[in-house]
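**Student:** These are the residues of each chain, in order.
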Amino acid sequence: MSSKNGLFDLADVTKVPTQFNHAPVTASDRPLRSNSRLERVLRSGRFAVTSEIHAPDSADPADLYKNALVLSEVCDGINATDGSGAHCHMSSLACSTLMLNAGYEPIFQMGCRDRNRIAMQGDLLGAAALGVKNVLCLTGDDVTAGDQPEAKRVFDFDCMHLLRTARIMRDRGIFLSGRELESAPKFFLGAASNPFVPPFDWRALRLAKKIEAGADFIQTQYCYDIPRFEKFMQQVQEQGLHEKVFILVGVGPLRSAKGALFMRNNVPGVWIPDEVIERLEQAPKGKAAEEGKKICIEIIQQVREMVGVHGVHIMAYRQEKTVAEIVERSGLLSRRSRDQLNGRSRRVSAPAEAVAV
Amino acid sequence: MSELTRPQMAEAQRKPGSEWLKNHPRILEVVYDGSKTILKLMYPLMNRISPSFTKKFMIWNEEVVKGYVFNCQMCGQCILHSTGMTCPMNCPKNLRNGPCGGVRANGNCEVIPDMPCVWVQAWERSRDMGAYGDDILLFQPPVNRALKDSSAWINMFEGIDEKPLVGWVSVAELEGSL
Chain A
1 MSSKNGLFDL ADVTKVPTQF NHAPVTASDR PLRSNSRLER VLRSGRFAVT
51 SEIHAPDSAD PADLYKNALV LSEVCDGINA TDGSGAHCHM SSLACSTLML
101 NAGYEPIFQM GCRDRNRIAM QGDLLGAAAL GVKNVLCLTG DDVTAGDQPE
151 AKRVFDFDCM HLLRTARIMR DRGIFLSGRE LESAPKFFLG AASNPFVPPF
201 DWRALRLAKK IEAGADFIQT QYCYDIPRFE KFMQQVQEQG LHEKVFILVG
251 VGPLRSAKGA LFMRNNVPGV WIPDEVIERL EQAPKGKAAE EGKKICIEII
301 QQVREMVGVH GVHIMAYRQE KTVAEIVERS GLLSRRSRDQ LNGRSRRVSA
351 PAEAVAV
Chain B
1 MSELTRPQMA EAQRKPGSEW LKNHPRILEV VYDGSKTILK LMYPLMNRIS
51 PSFTKKFMIW NEEVVKGYVF NCQMCGQCIL HSTGMTCPMN CPKNLRNGPC
101 GGVRANGNCE VIPDMPCVWV QAWERSRDMG AYGDDILLFQ PPVNRALKDS
151 SAWINMFEGI DEKPLVGWVS VAELEGSL
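From first to last, the protein sequence lines stand for chains A and B. Quick note: the first sequence uses this note's numbering, first residue 1, plus one each step. Quick note: the second sequence uses this note's numbering, first residue 1, plus one each step.
For reference, chain B alone in the conformation it holds in the complex (with noise of 0.2 Å):
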């Protein structure tokens, strides 16, 4: 978000491992999918002994650790998988669809000229990457501010983070239309 300071983006790069595991995007591949698996079971189950504490669970369990090894800003709308295993958000322009014009020479980003560029990083994360590693070429939607500091898996499993703006039409509809 627009609130990141410079030595805070600086942070985000540095810590220990994290860079190691983002540069082997593969083995997190596995952590999601083992994740998702997990997760979807447990959650209807935990859900129904205390919505509240799942709740406050889950955002802990994303603020720990996808915190550390991301950098995650809590958008609640994750799509680490379709973004070569690197957070988009911490992107100052917060952008969903790939790189701006600004990149510079070397990699590194126009506003934070230390720190590589977060699409940059994406692309050649994803080029590594087996089962999703296409998924940055798809259209992203914008993101739901109203979301932020919401749990991202809760609100996969609930369906929110999918429910589309009423009046985002889809391409193919566009394209019939005309």
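Just chain A, with the same shape it has in the complex (with noise of 0.2 Å):
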């Protein structure tokens, strides 16, 4: 709307609301890791959204392209899932690898429940040849969650050693046995927190563990709980976390009461308070799905404020474009434009919908 010939008006750039979510990241704070694009926003300053894209159940990349474009119009990185719930898709590799070719930005998951030390070190050194800069180390789902409960668990490193692992291969050039690389990986290594699960008083602290292993962001499990957050950010805080890693708070839509009650029963992690379910099950008849969005709005205004967040993670299972309609809605696109971060032009976002919070 805003572009002349296919040129880019420079103008409406001038109109976009250009604000530091925190302070840029220099050189001494903490070395360039990949360059990827995500570590490249969260350097900046600039607020983050990534999403995950659901691995199609397919041979057919088209089936992965058409979920990614709609998430890549909304967000920095899009992290491909690795046999999430412990059920088979496309593996996570491949959906990096398709994404990174069609020119989207993938964040390549790993977990330990289905890899040994061998496979773990020769999958990082793939991934890196093919192009993937951000890996999320992830212990992963229990093989009794999916629909294959009779397969082998393997286990054989817990995250902290995959994330202590990336990190030897990146900085050291080597692999564990000590054998060089001819070539070192460049990662942006991610893991993930959980804050809304017990043992609460341990959690901050397991983050400085992973910190520790070499863990350059954050990603948390779905945050419906303020209150416990805002504990947690508080820990984090006090250790002076959050000057260490970037901060990326899980988000997601809930559809109905009913969808809220079975994911805090059946999904291992997931926390959903009482309250929460009360404002779905008060929602209209026909509306429950539209109060759901509006308290993930909500859930990302409030948690944009706290210090130390540094971006959001939206997860919304099979519904990419609600996706992107919270991100329009919640206001994150207009905090900068995200032309100058693709190097394309692109229409400049709608303004954003006031949500009274």
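No false leads were mixed into what you were given.
Derived pair list, reagent style PhoX-like, types lysine-lysine, alpha-carbon separation capped at 25 Å:
1. B:148 with A:152
2. B:163 with A:209
3. B:163 with B:36
Now the stretches of chain A that chain B is said to cover, found in silico as 3 or more residues with beta-carbon under 8 Å:
4. 175–185
5. 192–200
By construction, these hints were calculated from the structure, which means they are not laboratory data. Think of the CB as a built atom: it goes at the ideal place given N, C-alpha and C, for glycine as much as any other residue.
Put the complex together from the two separate chains, hints included.
**Tutor:** Encoded structure:
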């Protein structure tokens, strides 16, 4: 709407409110890891948005691209899940590579459930060779969570070991056996954190351990409990962890009270307080999904104001369009011109809809 | 290990007296220090008389005693005093560095809903410990799977369990290299 003859109109860029979310990171604070797009966004001090793609049950890349296209318009990085919920889908490395070649910014998720240490180091090296720059190291759901609970679980390493391994390969250029790599991989390393389940006192200290192991950024589990998250962030700030790692808060829309209850009872590690479920129940008939989106937007707006929060990670299984809607409505795009980042001209987003908090 | 079945795991929690003992980690700390001192003195002597008997005796001893109290899985590299006197190999995911993100709201395990999370218990017990309580914050290196079913005491006295992987570079060294 703003381009004339396909050229980008600078006047529109100046209208975009530019505001740092946090102070830009200098090389003396933290060295540059992989120079991935996600890393550049976070280092620049802008509020980052990531999401995750549901890996298709398909041998056709087109099934992946159609979801990636929707997300890429609103995200700085897209997680390629690694057999999420212990269900088989297209492999995360394949998804990452396909997305990368099509111009998207993937975050390669690697879990410990399906690989031993030999496979992990090989996959890390292979991922780097294919051009993957962001790796998220996870423990992974147990096999019993999936539809093939008869499988053998591996768990040779835990996520801390995986993180440290990736870090050793990157920073020292060796395998764990000591054998040297001809060329060391460059990774921006991520880890997960779940402040919403016990033991609560330990969660921030465990985050410190993950940073020690090599985490450059953190994506948290779904946040629906703001008071609990505030307590966690207070501990994080007391230890100064938010100055050592980028923290992206996990959020997501709930579709109904019934769905929320199901998630709370059946999805490992998801905590949804009663107040949220009550709000969904009280929503007028047929409007529960809308209420769910509203709750999600409110949570985004609340965590955005917290010191030490560097972005959000929006998770919505098979609802890519809803993710795009939430990003637009929460006003995250209007904080910056994404075009400078993407290196291509794109329309400047519509004014954000104000949502009462 | 992954071979653990549900009934085995549940059984681990029900040995008479074992829960009481684990819930009094200060007693176990004294027992640990005592055993270490005594066995460290005895080991060279026993080893001189008969290395094969010593090995058998130590393994049997660990299987029976630690098996009863901690449901020991014989990983051969015991870190009980660093994990609130709760065996981390009882965690279905074999985690060595703390709980996963799947812990249930009631503090039970994601995989075995009837079992309290090993790491929730480990954390609570470590808070009651004196000398080794804060060791739970230490970074534990990967498990050496080749040591399975060997004696953790012998591995400790011989320095085998602490022999790191060649490439397992310390964090201090990693940070210096940047």
